[in-house]
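First to last, the sequence lines map onto chains A and B. First residue of the first sequence: 1, per my numbering; consecutive thereafter. First residue of the second sequence: 294, per my numbering; consecutive thereafter.
Keep in mind that the hints are not guaranteed to be accurate.
[Stated by the list, open to error] Here are the simulated SDA-like pairs of lysine to any residue, each with C-alpha atoms no more than 25 Å apart in a straight line: (1) B:K493 / A:E166; (2) A:K53 / A:M103; (3) B:K493 / A:A110; (4) A:K24 / B:Q471; (5) A:K24 / B:R528; (6) B:K493 / A:D167; (7) A:K9 / A:E166; (8) B:K570 / B:V347; (9) A:K94 / A:A292; (10) A:K25 / B:Q471; (11) A:K152 / A:H122; (12) A:K24 / B:S476; (13) A:K25 / B:E412; (14) A:K148 / B:V347; (15) A:K25 / B:V347; (16) B:K361 / B:G566; (17) A:K148 / A:Q121; (18) B:K493 / A:K25.
Simulated from the structure, these hints should not be mistaken for laboratory data.
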Amino acid sequence: MTAVESVGKAIEIEDLWKIYSRTKKNRYGSEVLRNPEKLRALEGNSDAVFAVKGVSLWVAPGETFIIMGLSGSGKSTLIRCLLRLVEPTGGFIKINGEEVTSMTSSELVAFRRNQVAMVFQHYGLLPHRTVLQNVSFGLRLRGEPAEKAREKALEAIQKVGLAGWEDHHPVSLSGGMRQRVGIARALVMGSPVLLMDEPFSGLDPLIRRELQDELMRLQGEIRKTIFFVTHDLSEALRLGDRMAVMRDGRVVQVGTPEDIISDPVDEYVARFVQDEREQLRRAERRMADKAAG
Amino acid sequence: MFPQSLEFHIAPKINRFVDWLVVSHAPFFDSVSAGILKVLLSINGFLNQVPWWVIIAVVALTVWSTTKKVFPTLLLSFLPFIIGVFGLWGLAMETLSVVCTAVILALLLGIPLGVFMAEVSGAATVLKPLLDAMQTMPSFVYLIPAMMLFGLGKVPAVLATLIYALPPVIRLTALGLQQVPASVEEAALAYGATHWQLLKEVRIPLAMPSILAGVNQTTMMALAMVVVASMIGARGLGQEVLLSINRIDVGRGFEAGASVVAMAIVIDRITQGIARKWEPPKR
């Protein structure tokens, strides 16, 4: 890949593979990928789990890119590969011009501290620390002085609407509020790329909607590159500039949400968007009835 | 009957090994002994200098600050008072100094070993059976080599106590570290925690309640062992128990036994109270 091609791309993923060993006894290295025969043999092997199969994608700076798929389609593995919480078996990842896949462990630590911030479905907050300490956690990890980290954290807490909760512990917060802490912890880092792994999936519908609105409002201010994983199509439609649909470790379709709804590439995607289309049609009919009546 | 022709004894070999150790490594054991004795004597000296009512006041304050309840505070500060009433205060302080020394050593060794057991794959497979053996071996057995290597008195008592009391803190440290939720560890890593930061900022604080439960168990076991250790000449409450057995003096035995129980209850409640302080807050 030449430098010219990388311009205007915040995230580039090329031919990314992740093969797990079910028994954890084997480690599959990139050499299997170079040998088509071995690869085919491995696909028949019950020990090998192909979580991500040759995914290639790119995301533009400031874009909200959605990965959608059912559980088990490899989307969570994919997002973890981006900061190597999961070590990819093979392939190539570049984020903001830095080649993630070839980083040494100390480069990786610096990269995670400065370039990306992640929000998790299960929050991943530290139960023994207060909201304020949780939000400043990443800043303290990268060695920012306590006073400065505190200031930044207070500002981020304010931004996500949790002012007044600084000294509470995560246990005394509701799910929605915990995820606000998760978002504040990510925002405070000032990283250009935000990775979100089903951040709103565990929340009830009203809170989910509220947080989606909040995220859109924040995104309007900060303009980060957001890589967002979800299994919820309506969420994808609301938030996404572009989206990719994953199935069994492969990306089956990439496009704007409108493209995907109006022109599903295959049966699987069609079934995925069917509900949404039916709802749209029903709503349209009702509106037409209303207009006529 | 098991055929005598199949008998094979390893006892002589073990004896010869211990003999060899005693003879060839005497300077080493002497210096270890001197080091432990120094710690022990300074703790003992300190405990003897402090007036009795200060110790009771410290107990009362610690219990009050961890429980904030009047009744437990009064009860737990009354228990050491009983020991004094029985005229066993000095001996109790000697026992306490042996327990403290053994526990300090057990924590210095045990917590790092527990971290090692949790962090290094394969370490658990080696250490676990060893810890099981250490705990199931009759405690008297430790007295023999401890006595041979370090002579009579308090130092071998500390060492025998140390071996006996070490397993719980190792085990519970490792257990606590393994129970840290994967989602929390993952989040810490995602924000750029190094291996050391992960351990220091996330895993050890989250494992703290379990580690402190280990400290509590270790202290209790040390107290139980210290009575047994009086058989090799460690002065203290155990010696009093031993004397009353020899003289079949039931009353005296009861006084000494009750004093051990009183000490155990106080130490147990205090360490438990401290452990509770470290638990992540609930609502």
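Hints, verified against the model:
Distance restraint check for K493 (chain B) and E166 (chain A): the Cα-Cα separation of roughly 23 Å lies within the 25 Å cut-off, and the hinted pair is therefore satisfied. For the given pair, K53 (chain A) sits about 22 Å from M103 (chain A) by alpha-carbon distance, which is consistent with the 25 Å threshold. A C-alpha spacing of about 19 Å is found between K493 (chain B) and A110 (chain A), which places the hinted pair at or below 25 Å, so the restraint holds. The hinted pair formed by K24 (chain A) and Q471 (chain B) meets the criterion: a straight-line CA distance of about 18 Å does not exceed 25 Å.
Simply put, K24 (chain A) and R528 (chain B) have alpha-carbon atoms about 55 Å apart, too far for the 25 Å limit, and the pair is violated. About 22 Å separates the Cα atoms of K493 (chain B) and D167 (chain A), which keeps this hinted pair within 25 Å; it holds. At roughly 37 Å between alpha-carbon atoms, K9 (chain A) and E166 (chain A) are farther apart than 25 Å, so this suggested pair is violated. A C-alpha spacing of about 24 Å is found between K570 (chain B) and V347 (chain B), which places the hinted pair at or below 25 Å, so the restraint holds.
At roughly 54 Å between alpha-carbon atoms, K94 (chain A) and A292 (chain A) are farther apart than 25 Å, so this suggested pair is violated. For the proposed pair K25 (chain A) and Q471 (chain B), the alpha carbon gap of about 20 Å is at most 25 Å, so the pair holds. For the hint linking K152 (chain A) to H122 (chain A), the alpha-carbon distance of about 24 Å falls within 25 Å, and the restraint holds. Proximity of K24 (chain A) to S476 (chain B) is assessed by CA-CA distance (about 20 Å); at most 25 Å being required, the pair is judged to hold.
A hinted pair counts as satisfied when its Cα atoms are at most 25 Å apart, and K25 (chain A) with E412 (chain B) qualifies at roughly 19 Å. Our distance criterion of 25 Å between C-alpha atoms is broken by K148 (chain A) and V347 (chain B), whose separation comes to about 44 Å. For a cut-off of 25 Å, the pair hint linking K25 (chain A) to V347 (chain B) is broken: about 60 Å separates their Cα positions. A C-alpha spacing of about 10 Å is found between K361 (chain B) and G566 (chain B), which places the hinted pair at or below 25 Å, so the restraint holds.
Of the pairs offered as hints, the one joining K148 (chain A) and Q121 (chain A) is violated, with about 28 Å between alpha carbons and a cut-off of 25 Å exceeded. Only pairs whose Cα atoms come within 25 Å are accepted, and K493 (chain B) paired with K25 (chain A) is rejected, the gap being roughly 30 Å.
In this structure, the hints that do not hold are numbers 5, 7, 9, 14, 15, 17 and 18, in rising order.
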